[in-house]
Amino acid sequence: MNDSRECQLRREDIAALVLGELDQTAAEQLNRHMNRCDRCRDFREALAAQEEELRSTFDVIARGVGRVEHLAERFDEPLHRPGIRAASPLGRLIGGVKTMRPSRKILAAAAAIALTFTGLASWLMPGRAAPGLAFATVIEQIRVFRPYSCLYTWEYEDKAPYSYRLMRPDLSRRREVRPEGTILVSDLSQQPNRVLTLDPARKSAVEKTLLNTGPRQDPDFLRILANMRDGQAEDLGVKEVDGRPAHGFHRPDKVNDFTIWADPTTGLPIRLELVQPTLSRRLIMTEFEFDVVFDESLFNTSTPQGYTVERVERDGVNPTEQDLTEGLRVIATLCGDRFPDALTEGVIEKTLSDATAGTASSPPQTTPPSEEETRAMRVKARRALRYIEILKSFHKVDDLQYAGNDVALGDAAVPVLWWKPKTSETFRVVYGDLSVRDVAPTDLAPFLNK
Amino acid sequence: MTKIDVPGQSPADLPADADSGTGCLRAELARKHASAVLAVCLANTEQPHDAEDLMQETFVKAFARLNGLRDPDKARAWLVQIARRLCIDHVRRRKPASSIPDDLPARTESHDPRIERLHAALARLPDGYRETISLYYLDGRSSANVSATLGVPPSTVRMRLLRARVMLCDLLKENDK
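So the sequence lines, in the order shown, correspond to chains A and B.
Counting from 1 along the first sequence, just add 4 to a position and that's the residue number in our numbering.
Counting from 1 along the second sequence, just add 44 to a position and that's the residue number in our numbering.
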């Protein structure tokens with residue numbers, strides 16, 4: 005049955021199947037054949053596997069389309085538009101700094117002069133209406149990553165807003181120019197990940213290596229918005245935003261509540277607002293520049309010459325709730341199967357020190373732990389503290405309380421640690437047996453403020 | 045000369061010689077047809093990194109000659125024709141595209157090995173197949189769109205697309221060896 009000539013003839017049908025170009029009847033017939041024909045099945049699998057790579061490669065090529073949109077903008081730009089960066093098209097075309105090639109200046113000038121007049125006429129026209137913009141167009145513009153820079157502003161409930169200039173050449177690297185004058189360069193494409201903090205005023209640098217990490221992507225909110233699948237966007241219409249006409253869309257989900265304002269003509273973002281109620285913070289991204297050609301040296305994580313360097317190593321993987329309970333188990337075990345009166349670095353170091361000196365109260369150690377065992381226990385205990393720190397400082401949980409003093413390890417009835425996540429009605433409670441449960445406030449009441 | 049003052053009207057529906065509407069028309073042309081022009085340039089250049097430059101050169105020429113576009117419904121065919129001519133000239137001259145304003149963003153991924161590999165395989169496809177498959181993947185993965193862009197019957201596009209896809213599979217596998 006597996007006649008090779010017959011299979012050769014079916015190859016185009018298999019391609020049609022993979023591309024979704026085969027009608028249902030033919031597809032069913034072909035699938036029946038492939039159930040018994042290894043050769044055709046292998047070809048379909050090869051095509052399907054290749055298809056994904058092919059599409060992603062064409063997606064990369066498709067990024068080039070953005071260059072024409074910039075071109076259209078240049079042709080449209082007037083000499084002066086109130087509220088917009090007052091650079092003339094002539095100036096922009098002749099005086100561009102990022103990718104200007106001197107040999108093309110004359111042609112650029114000629115084009116600019118011609119465009120300036122048509123653009124000016126277009127903008128001076130009374131009753132000019134912004135063309136309708138679909139949310140899908142905005143998403144299409146940000147679906148494929150474009151190198152960009154923007155002003156990144158975090159607003160918090162309990163402290164002043166914090167703004168910095170963000171540069172993203174790709175999904176793994178970033179450069180932040182902070183208001184206090186420091187510069188942060190993060191490169192998550194390296195194994196392990198590296199973060200460089202420069203203080204040009206003091207000529208000092210901190211090179212941080214994030215242990216236990218490999219190449220990964222840094223969260224990008226434009227991409228998170230583009231990849232949201234469920235729900236609908238609310239059309240907010242056109243209004244002036246940051247001195248420009250902009251078409252807005254509101255797109256919320258459980259964690260991220262996005263509002264994006266985009267250029268009505270190009271669909272490129274002008275302003276992105278993200279509210280994260282569970283983290284009590286709001287992010288505002290403005291002053292976007294897309295398809296920026298960055299100098300690679302901006303993202304070098306090696307300290308420049310002339311700086312004093314401090315090198316630090318940190319665990320680059322955030323601890324989980326499981327790390328919390330594992331660390332608590334280590335601490336309680338070192339304290340003789342009872343939880344200590346407090347969870348601090350000092351307590352951990354003292355219990356470790358007692359254990360290595362053979363003076364720990366219980367369990368009786370026939371031999372003190374080796375240096376390696378001590379190091380492993382320290383790492384686990386510290387990860388528990390780090391988890392608690394993240395709950396407090398990042399997740400800003402309410403009512404975090406430790407009440408483990410002298411509770412026996414294994415006691416399933418007595419809570420040792422609890423907190424109330426933002427927007428949650430229940431407490432998250434760790435019991436003496438290290439089980440973790442969601443508990444109603446009334447059930448926890450007997451232990452509160454004990 | 046026609047005065048344009050029609051809020052909400054699609055710029056693509058406006059007469060091309062209404063110079064007060066040309067700003068919108070340019071943006072609309074870029075938004076609607078840049079992918080197709082890029083596909084045609086990709087299919088007709090010897091070096092993948094020239095495709096973006098030629099796409100831009102196509103639009104520079106088109107934007108400067110909007111009066112030549114009498115029927116906005118034929119904008120795509122008009123742009124594709126300009127792109128093909130520029131590609132032919134470019135291959136004859138064997139020199140980079142020249143009339144691109146310089147402060148525009150540089151090429152996207154000029155040295156991405158995946159693009160080089162794909163372009164090398166595309167270059168070995170027969171005439172007509174290259175444009176078909178490039179248009180298919182760069183312009184919405186719809187054979188109906190390809191048919192409309194090239195002015196070729198849907199059955200011909202389907203035949204070229206499937207044959208090109210099978211050939212591409214073999215060529216890419218061959219390159220992997």
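Source of the hints: derived by calculation from the structure; they are not laboratory data.
Mixed in with the good hints there might be a few duds.
[As the list claims (entries may be wrong)] For each label pair, taking beta carbons as the anchor points, the in silico distance ranges come out as:
1. A164/A with K217/B: 32 to 40 Å
2. R168/B with R206/A: 16 to 24 Å
3. P197/B with Q28/A: 19 to 27 Å
4. A121/B with S60/A: 25 to 33 Å
5. P183/A with E90/B: 43 to 51 Å
[Stated by the list, open to error] One side only, chain A facing chain B, incomplete, derived with CB under 8 Å:
6. Q54
7. G68
8. R71
Using N, Cα and C, we set each Cβ at its ideal position, and we do this for glycine too.
- Query: Among the hints numbered above, which are violated by the structure, and what are their numbers in rising order?
  - Reply: Failing hints, ascending: 1 and 2.
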